[in-house]
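> Spelled out, the chains give:
There are 2 protein chains.
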Amino acid sequence: MKELTVDLGERSYPIYIGEGILQQIGELFAKHGIGKGSPLLIVTDSHVAEHHLGDVVSRLEEAGYTTTSYTVSAGEKSKSLSVLEDVVSAALQAGLDRKSTVVALGGGVVGDLAGFVAASYMRGIRFVQIPTTILAHDSSVGGKVAVNHPLAKNIIGAFHQPELVLYDTATLRTLPDREVKAGLSEMIKHGLIWDAEFTAWLEENAQKLVSLDQEALQYGLYFGCKVKSIVVSQDEKENGLRAILNLGHTIGHALEAVSGYNKLLHGEAISIGMVGAAKLAIRLGHPEHIYTVTKRILQAFGLPVSVPADLDTDAIMNAMMHDKKFSEGNMIYIIPTEIGKVEINKNVSAAWVREVVEQLKQEV
Amino acid sequence: MKELTVDLGERSYPIYIGEGILQQIGELFAKHGIGKGSPLLIVTDSHVAEHHLGDVVSRLEEAGYTTTSYTVSAGEKSKSLSVLEDVVSAALQAGLDRKSTVVALGGGVVGDLAGFVAASYMRGIRFVQIPTTILAHDSSVGGKVAVNHPLAKNIIGAFHQPELVLYDTATLRTLPDREVKAGLSEMIKHGLIWDAEFTAWLEENAQKLVSLDQEALQYGLYFGCKVKSIVVSQDEKENGLRAILNLGHTIGHALEAVSGYNKLLHGEAISIGMVGAAKLAIRLGHPEHIYTVTKRILQAFGLPVSVPADLDTDAIMNAMMHDKKFSEGNMIYIIPTEIGKVEINKNVSAAWVREVVEQLKQEV
Numbered sequence: 001m002k003e004l005t006v007d008l009g010e011r012s013y014p015i016y017i018g019e020g021i022l023q024q025i026g027e028l029f030a031k032h033g034i035g036k037g038s039p040l041l042i043v044t045d046s047h048v049a050e051h052h053l054g055d056v057v058s059r060l061e062e063a064g065y066t067t068t069s070y071t072v073s074a075g076e077k078s079k080s081l082s083v084l085e086d087v088v089s090a091a092l093q094a095g096l097d098r099k100s101t102v103v104a105l106g107g108g109v110v111g112d113l114a115g116f117v118a119a120s121y122m123r124g125i126r127f128v129q130i131p132t133t134i135l136a137h138d139s140s141v142g143g144k145v146a147v148n149h150p151l152a153k154n155i156i157g158a159f160h161q162p163e164l165v166l167y168d169t170a171t172l173r174t175l176p177d178r179e180v181k182a183g184l185s186e187m188i189k190h191g192l193i194w195d196a197e198f199t200a201w202l203e204e205n206a207q208k209l210v211s212l213d214q215e216a217l218q219y220g221l222y223f224g225c226k227v228k229s230i231v232v233s234q235d236e237k238e239n240g241l242r243a244i245l246n247l248g249h250t251i252g253h254a255l256e257a258v259s260g261y262n263k264l265l266h267g268e269a270i271s272i273g274m275v276g277a278a279k280l281a282i283r284l285g286h287p288e289h290i291y292t293v294t295k296r297i298l299q300a301f302g303l304p305v306s307v308p309a310d311l312d313t314d315a316i317m318n319a320m321m322h323d324k325k326f327s328e329g330n331m332i333y334i335i336p337t338e339i340g341k342v343e344i345n346k347n348v349s350a351a352w353v354r355e356v357v358e359q360l361k362q363e364v
Numbered sequence: 001m002k003e004l005t006v007d008l009g010e011r012s013y014p015i016y017i018g019e020g021i022l023q024q025i026g027e028l029f030a031k032h033g034i035g036k037g038s039p040l041l042i043v044t045d046s047h048v049a050e051h052h053l054g055d056v057v058s059r060l061e062e063a064g065y066t067t068t069s070y071t072v073s074a075g076e077k078s079k080s081l082s083v084l085e086d087v088v089s090a091a092l093q094a095g096l097d098r099k100s101t102v103v104a105l106g107g108g109v110v111g112d113l114a115g116f117v118a119a120s121y122m123r124g125i126r127f128v129q130i131p132t133t134i135l136a137h138d139s140s141v142g143g144k145v146a147v148n149h150p151l152a153k154n155i156i157g158a159f160h161q162p163e164l165v166l167y168d169t170a171t172l173r174t175l176p177d178r179e180v181k182a183g184l185s186e187m188i189k190h191g192l193i194w195d196a197e198f199t200a201w202l203e204e205n206a207q208k209l210v211s212l213d214q215e216a217l218q219y220g221l222y223f224g225c226k227v228k229s230i231v232v233s234q235d236e237k238e239n240g241l242r243a244i245l246n247l248g249h250t251i252g253h254a255l256e257a258v259s260g261y262n263k264l265l266h267g268e269a270i271s272i273g274m275v276g277a278a279k280l281a282i283r284l285g286h287p288e289h290i291y292t293v294t295k296r297i298l299q300a301f302g303l304p305v306s307v308p309a310d311l312d313t314d315a316i317m318n319a320m321m322h323d324k325k326f327s328e329g330n331m332i333y334i335i336p337t338e339i340g341k342v343e344i345n346k347n348v349s350a351a352w353v354r355e356v357v358e359q360l361k362q363e364v
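Keeping their order, the protein sequence lines are chains W and F.
Residues 1 to 364 (the UniProt record's numbering) make up the first sequence, in order.
Residues 1 to 364 (the UniProt record's numbering) make up the second sequence, in order.
One or more hints might be untrue.
Identical copies carry no separate label here, and so any pair may be met within one copy or between two of them.
What the hints assert, rightly or not - Under the rule of at most 27 Å between Cα atoms (straight-line distance), these lysine-lysine pairs were calculated in the DSS-like manner:
| # | residue 1 | residue 2 |
| --- | --- | --- |
| 1 | LYS346 | LYS99 |
| 2 | LYS99 | LYS237 |
| 3 | LYS99 | LYS153 |
| 4 | LYS263 | LYS346 |
| 5 | LYS36 | LYS346 |
| 6 | LYS237 | LYS36 |
Keep in mind the hints are simulated off the structure, nothing from the lab.
Turn these sequences into a full structure, and let the hints steer you where they fit.
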């Protein structure tokens with residue numbers, strides 16, 4: 001079992017990564033101050049419930065916890081205020097009080113939704129993340145929680161740090177192959193923004209990671225979480241540095257929005273976005289190999305590198321203008337300046353971005 | 001113009017109280033860091049909009065701010081997730097970004113709703129309170145913001161401190177007489193929990209306050225805000241001391257819930273609740289005059305002191321059991337031990353409370 005700490009002063013918390021660690025869930029909860037006097041609410045989705053909910057509930061009950069669970073439909077649609085209201089109904093009916101804990105058992109959607117329930121229920125109660133996807137190694141670190149609004153993703157939310165994160169890599173075996181690859185896209189991003197050596201390791205171990213080799217997977221998740229936690233520790237509320245985590249996300253979010261959130265998985269969209277950012281880097285005069293290497297790695301993982309030809313460039317540009325990362329009208333892009341290094345560039349011209357989006361449709 | 005500071009470290013903020021201070025809104029906003037580069041969203045209700053919105057908008061626009069306003073229906077029903085979603089739509093359409101500010105122009109409902117929009121929009125943007133009721137002298141200090149859930153009041157919310165509070169006492173002239181009195185009920189509470197001398201001053205000045213004498217009103221609001229801010233400074237997140245602000249609220253909230261939130265105003269309900277707390281105090285062996293004086297003051301302001309006979313005692317008791325102030329099954333009451341002093345008593349028996357509720361139906 002690997003362990004690391006997200007260092008946030010009095011809001012610091014540990015991440016445990018290992019195969020089968022859910023077997024110790026009772027001990028780990030107790031060790032980190034989750035009391036047995038108030039009920040827990042486990043929030044999960046229909047896919048995850050099938051594989052893991054029964055096990056988690058019975059282990060927690062055996063350890064002396066009172067639990068209630070609430071299962072939402074799998075998919076992004078559950079990140080809404082109306083589902084939030086339903087989860088709060090369940091919390092009230094189960095008698096959750098200010099000493100209770102919300103447990104997110106699932107991927108990013110469940111983590112974001114359950115996290116915002118924990119952040120806002122009685123103005124904030126405790127929260128534990130049990131990620132069951134690779135993508136969630138990203139979203140479960142850093143305390144960003146939110147639901148969507150019909151007009152914008154993640155626009156209603158909070159910064160709410162969990163008490164602990166339990167990453168049982170055995171749960172990843174039930175993931176479809178496409179989701180495995182899309183999840184690894186965020187892991188690659190953590191390499192590209194922070195560490196050339198880790199990036200090289202990722203390329204070498206692409207096949208092992210895609211096939212869920214446990215040793216490679218645990219190391220990759222550990223290092224990915226570590227990069228994220230170092231960045232978050234230095235900028236909890238996203239006032240500066242934390243923006244680097246958005247490498248590939250500006251174009252990526254726009255592609256997700258325009259394709260209606262069901263054609264491209266998040267990790268696939270940011271894979272294309274990272275190629276776009278690399279192309280912008282070259283346009284800005286940074287070395288050509290940034291683009292070559294970025295694309296080669298993503299392709300080694302079987303991730304997409306081109307914008308689907310049927311997506312309208314104007315619509316993509318419009319969606320980008322609405323992205324919340326544009327502050328006071330400036331266009332802010334995360335631009336790689338080397339493999340393992342990025343800069344926050346506040347002066348990227350919209351014309352260049354449009355050019356790159358057009359080029360990305362031709363990418364092979 | 002009176003000024004005081006709510007002392008919360010880096011989240012400290014000033015409260016300005018005075019007749020006509022909205023004339024200086026532009027300067028005061030600029031002085032406290034509200035930038036002109038990002039749009040403001042003014043949230044208000046249909047009653048307040050009629051009297052004050054035009055003036056606030058034109059003064060802010062004259063001062064160089066870009067504003068949008070969103071008017072909700074007056075009344076508690078606007079404190080819902082669905083209205084929150086509508087306000088967020090308005091914020092998105094107006095292009096509010098992370099440097100924008102939400103301005104709450106109104107009473108407690110508007111302050112709570114707009115405050116929670118500010119707390120959650122893009123995970124938290126700036127917020128200014130412009131209270132237009134006496135009751136809001138209480139709710140605008142301390143950063144507690146929330147919306148209601150069909151099953152419970154204020155259950156979805158946050159702690160989100162404003163940048164400043166502008167209390168223009170001229171706006172209070174448009175309040176109906178019954179709301180003036182109900183608002184003064186929280187002012188009396190601030191005397192009863194903290195300061196015998198202020199409590200005596202309140203009794204002497206009851207007529208002046210009820211008739212909105214500007215000098216008395218400004219002093220009363222100043223002192224009420226000051227008590228609240230001292231308590232909040234010592235316990236921002238309600239882990240201990242802050243509970244004393246709930247004097248009269250346990251019974252009061254239950255009365256509001258059982259009467260369907262339209263028969264009794266909040267201030268009226270807690271007036272009755274404070275008489276109940278005084279009766280419990282006597283039952284616990286504290287001096288008899290606590291009850292006599294509490295009741296005499298509230299009656300001097302024309303506030304109700306008895307539970308409406310048609311409210312069912314079982315229903316009132318049930319509503320109390322659901323109150324979020326009961327943690328892990330204990331019943332916590334704020335009990336006066338002297339005029340100007342209270343204790344947090346965690347061992348009040350439900351049987352005594354029932355007895356007191358029954359007696360409150362006979363109170364004259």
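> So, for every hint listed, does it hold in this structure?
Verification of the hints:
no., hint, verdict
1, LYS346 with LYS99, "between (43 Å within a copy, 16 Å between copies)"
2, LYS99 with LYS237, "both (25 Å within a copy, 13 Å between copies)"
3, LYS99 with LYS153, "between (30 Å within a copy, 18 Å between copies)"
4, LYS263 with LYS346, "neither (30 Å within a copy, 55 Å between copies)"
5, LYS36 with LYS346, "between (49 Å within a copy, 20 Å between copies)"
6, LYS237 with LYS36, "between (31 Å within a copy, 22 Å between copies)"
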